[in-house]
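Undergrad: Protein chains in written order, with our numbering: chain A, 1 to 302; chain B, 1 to 422.
Mixed in with the good hints, there may be bad ones.
Using 27 Å as the maximum straight-line C-alpha spacing, the simulated DSSO-like pairs for lysine-lysine come out as follows [as the list claims (entries may be wrong)]:
#1 B:Lys64 / A:Lys181
#2 B:Lys236 / B:Lys218
#3 B:Lys133 / A:Lys181
#4 B:Lys76 / B:Lys133
#5 B:Lys12 / B:Lys32
#6 B:Lys410 / A:Lys181
#7 B:Lys133 / B:Lys410
#8 A:Lys181 / B:Lys218
#9 B:Lys133 / B:Lys90
#10 B:Lys76 / B:Lys32
#11 B:Lys218 / B:Lys64
#12 B:Lys90 / B:Lys64
#13 B:Lys32 / B:Lys133
#14 B:Lys236 / A:Lys181
Quick caveat, the hints were computed from the structure, so don't treat them as lab data.
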Amino acid sequence: MADWFARGRTSLVGRLFGTFLRQSRSIAGVLVWIGIAVVLAIIVMALLAPFLAPFDPNTKVADPELPPGGPFVMGTDRGGQDVLSRIIWGSRVPLAIIAVATTISLALGLPLGLLSGFAGGRLDRAILLVMDSIYAFPGLLLAIAIAAVIGRGILNVSFAIAVVYIPTYFRVIRNHVASVKEEPFVEAAIALGLPRRRVIGRYILPNVAQSIPVIFSVNAADAVLTEAGLAVLGLGLPPGIPDWGFDISLNWQRFDASWWATFFPGLFILILTTALTFVGEGLNDILNPLLRRRETKVGAEA
Amino acid sequence: MTEPLLEVRDLKVYFSVYRGFVQRLLGGGDAKVHAVDGVSFSIAQGEVFGLVGESGCGKTTIAKTLVGLVRASSGKILFRGEDVTRPDRKGLFRVRERIQLIYQDPQAALSPAMTVGEAVADVLRAHGLPTDKGDRVHAESEAEIRAAVYGIFDDVGLRPPAFYYDKYPDELSGGQKQRVVAGRVLGLRPQLIVADEPVAMLDMSVRARMLEFLMELKARHHLTYLFITHDLATAKFVCDRIGIMYLGRIVEVGPARTIYADPKHPYTRALLQAIPIPDPSRRSAKVLPKGEVPNAVWPPGGCRFHPRCPSALPTCGWEGRDVIALLEERWLSIELAAREGIAGPIEAWEADGLIARRDMGTTDPHAVAALIRTIIDQSGGPMAQAVRDIRVEGTTVIVEFRAPEPLVPKEVEGRVVECLLY
Ligand SMILES: Nc1ncnc2c1ncn2[C@@H]1O[C@H](COP(=O)(O)OP(=O)(O)OP(=O)(O)O)[C@@H](O)[C@H]1O
Ligand code: SF4
Ligand SMILES: [Mg+2]
């Protein structure tokens, strides 16, 4: 199967996936598999929430602050709601925010990085300046500022987080493009009279694409934490939507009396971010040697 | 004589080197690399013209200028009589259909993320499929493009084509990759192919085969080659005429056979003596003239070869910095450096065109002037006779040279040589 994907004709995704599959038994590969399995499990949990959750997450089903046990596997919180049910339903928020926020950052950061890296010169410096000034802000602080201005809601929070991560995509892609641009095959493509858009899209992009899944996973992990941070500060979602971060903010002052209401949401945030980090770091190990291998080859021949 | 296919007239290509803001304020302006500095040659239809020279003499720069990757600073490039020196966008697109490049390193010239079939197909998509009538039509379907690529692969000896179409460059040998590169270029039906050291990166064992292959292609497609190499043995094998380059200039140009049989320019002679003997154990038996190739930012005045030339005359372009180089060489010997200590250190000397000078401050300048005179006389050689005057002005010692004789390319026994010996 690995070979089928590697031969995966010219499809970019197929090629990257093939590279991954061929090395999926290395330590890095195992990390990625574990990460993917955990993320998939959480996605399934989010999708099947209505069937999996034993109780309605937003109604008082028992006495407040009951310890774990009996029908309430993870206990109840200070509002008498079932913690497990809130965790199951609450997985929807980080996943949605990852999806929306990373899509927005990628949609802006990738083309800007390609443009900036390829064009060079003044345009490059101008875009770099803007990106660097965004990057210079501490991420959470910037997200707080934006969220405070545009208000609550999934889209707003996603947008606030997206802005923070645009420079990450931009920088990685831009630097990568700037180095790939110097490769003779890019010059050769230009000498062959191929249009500029084609040179960028068909000769440069595929050679920088291995960075994308890596930044994606690392950013996704970060996004979950940022969202939780916003929620704890009351800048997340409107009340009523079950959300791990929001639940922490609701219960943490009562940690001594009912640690479980804070601990379990926190544990799940940790599990999700760790899984995403596994994916990111593992992919980094597997996909980026593509680059390294090329360099050593050229060096050996010279 | 019929009109040449390509004619290059007095081509100059200078690259600015950014020297930093402060240095520019301090004067001197931006430094320029004189990569190509007044080169003229022409190539007839069907010919293989070789450009030969050491590393850094400007061969690749000429190649890139011809296909519009680098801008000419001045001079003219005529293709079939049409000026293609500075084409506009559309003109450039057309130029690139007629003049194409084959790179030195086929591995680097192909995107590692694209199958070799696609690499060729992409060119056909952008430029259309060539027809027998000599024009181009856009392909109706992907199947048509694939068929055309198969045709090209078959032509360049990648058989069966279907087997190679979906390979990535990593999966092919160096020779096969160079065939892909050649095929990609042939898809444009170019008339002139500029091959920049096309076999230098290949395994010794496949070089001869590759050269033969390029010659087969030439015959089959009525091509004309500009063949670039630093290897005279290769050039002898393939070229009809060759131009020998040194530091941005062509010093001798003529029929290959004439030049090999009886080189006239001292540099050509030196190069020919340095041809490696075809014995692997003695491959590096090079005996090029002493000294490094001077840098192209401030190339030597007069004849550029004069600092290294074994036959140099007093009129060949001796100038201030040659004295400084002489002192520098002498003072490598600690004994001499100690004995001639009053004239040092080397950093205190300053060259300015034909003049070398040094401000002696409180030391007696006349003693130093006399010492320098002795040193130069002792060194003998043409430099000594080129000195016009060694004098003292105030506290400064000045060595001044006579102006060089202007270098004019001359017809010598069937070739053109740029050297004052003729
Ligand atoms: N883009 C550039 N900017 C500045 N200097 C350059 C540039 N390209 C080439 N040069 C300089 O111009 C000179 C000629 O270089 P060129 O690559 O044409 O030499 P070459 O004859 O092809 O040498 P080689 O045999 O090493 O390929 C060199 O001194 C080189 O350093
Ligand atoms: S002009 Fe001729 S003799 Fe004089 S330095 Fe140049 S190559 Fe030598
Ligand atoms: Mg070169």
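Undergrad: Decide, hint by hint, whether the structure agrees.
TA: Checked hints:
{"no.": "1", "hint": "B:Lys64 / A:Lys181", "verdict": "16 Å, holds"}
{"no.": "2", "hint": "B:Lys236 / B:Lys218", "verdict": "17 Å, holds"}
{"no.": "3", "hint": "B:Lys133 / A:Lys181", "verdict": "37 Å, violated"}
{"no.": "4", "hint": "B:Lys76 / B:Lys133", "verdict": "30 Å, violated"}
{"no.": "5", "hint": "B:Lys12 / B:Lys32", "verdict": "12 Å, holds"}
{"no.": "6", "hint": "B:Lys410 / A:Lys181", "verdict": "44 Å, violated"}
{"no.": "7", "hint": "B:Lys133 / B:Lys410", "verdict": "43 Å, violated"}
{"no.": "8", "hint": "A:Lys181 / B:Lys218", "verdict": "32 Å, violated"}
{"no.": "9", "hint": "B:Lys133 / B:Lys90", "verdict": "22 Å, holds"}
{"no.": "10", "hint": "B:Lys76 / B:Lys32", "verdict": "20 Å, holds"}
{"no.": "11", "hint": "B:Lys218 / B:Lys64", "verdict": "21 Å, holds"}
{"no.": "12", "hint": "B:Lys90 / B:Lys64", "verdict": "18 Å, holds"}
{"no.": "13", "hint": "B:Lys32 / B:Lys133", "verdict": "46 Å, violated"}
{"no.": "14", "hint": "B:Lys236 / A:Lys181", "verdict": "36 Å, violated"}
When held up to the earlier numbered hints, the structure conflicts with 3, 4, 6, 7, 8, 13 and 14 and fits the remainder.
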